[in-house]
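K.L.:
These protein sequence lines map, in sequence, to chains U and X. Our numbering numbers the first residue of the first sequence as 1 and each following residue consecutively. Our numbering numbers the first residue of the second sequence as 1 and each following residue consecutively.
It is possible that part of the hints are untrue.
Below are the DSSO-like pairs computed for lysine-lysine, each with C-alpha atoms no more than 30 Å apart in a straight line [as the list claims (entries may be wrong)]:
#1 U:K57 x X:K5
#2 U:K65 x X:K54
#3 X:K56 x U:K57
#4 X:K37 x U:K71
#5 X:K37 x U:K65
Bear in mind the hints are in silico, worked out from the structure with no lab data behind them.
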Amino acid sequence: EAQVTQNPRYLITVTGKKLTVTCSQNMNHEYMSWYRQDPGLGLRQIYYSMNVEVTDKGDVPEGYKVSRKEKRNFPLILESPSPNQTSLYFCASRQGGAYEQYFGPGTRLTVT
Amino acid sequence: DQQVKQNSPSLSVQEGRISILNCDYTNSMFDYFLWYKKYPAEGPTFLISISSIKDKNEDGRFTVFLNKSAKHLSLHIVPSQPGDSAVYFCAAYNNNDMRFGAGTRLTVKP
Chain U
1 EAQVTQNPRY LITVTGKKLT VTCSQNMNHE YMSWYRQDPG LGLRQIYYSM NVEVTDKGDV
61 PEGYKVSRKE KRNFPLILES PSPNQTSLYF CASRQGGAYE QYFGPGTRLT VT
Chain X
1 DQQVKQNSPS LSVQEGRISI LNCDYTNSMF DYFLWYKKYP AEGPTFLISI SSIKDKNEDG
61 RFTVFLNKSA KHLSLHIVPS QPGDSAVYFC AAYNNNDMRF GAGTRLTVKP
């Protein structure tokens, strides 16, 4: 089954404790991205990657890092999480040249 | 800078009637538009799309209309069904830059 998976689905952590949210897709898509969803703001792009070892900032990259060492994986790293990073996070992927993105199920992060 | 706006946070319609969800954008460089549907505890799923060279695209009960001069698009669902109850996001593309609206929560009452 073609899918994007994210782990964990739910995470409660404390300020300053480094964490990683994993994202993996099995569709051999070139393009992957991370979004956060906040009430009244919709989905805002954090980082995206057009292929292995190629990443770039989206609209709200501050406080986040990403890496793309393999085509299928695109982890999101919060080196020192803060309460304003409490949000619902989505990973997405698409084929190069296509418009439709496939989204993961989401990770709800709470930083206290 | 909210380049894609969905001004109605919520919409309630009766089963069998038409649902019309609206979306406005400010960037005239957007050349492709999509609608996504999101159920609770799931990621958004693609619903329907339209290129800027068209003004209408239809897929079963779902039709998207694009008015480029007004920078406005709308999603029509006819007839609406209770299973259509979800949050609908409008999205717009320009050169690998995809922008989403804030979403409209549609409730279809039996």
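K.L.:
For every hint, state whether the structure bears it out.
P.N.:
How the hints compare with the structure:
1. U:K57 x X:K5: holds, 22 Å
2. U:K65 x X:K54: Roughly 38 Å separates the two Cα atoms, so the pair is violated.
3. X:K56 x U:K57: Violated, because 33 Å separates the two Cα atoms, which is more than 30 Å.
4. X:K37 x U:K71: Holds, at roughly 27 Å.
5. X:K37 x U:K65: Within the cut-off at roughly 28 Å; holds.
Hint check: violations occur at hints 2, 3; the rest are consistent with the structure.
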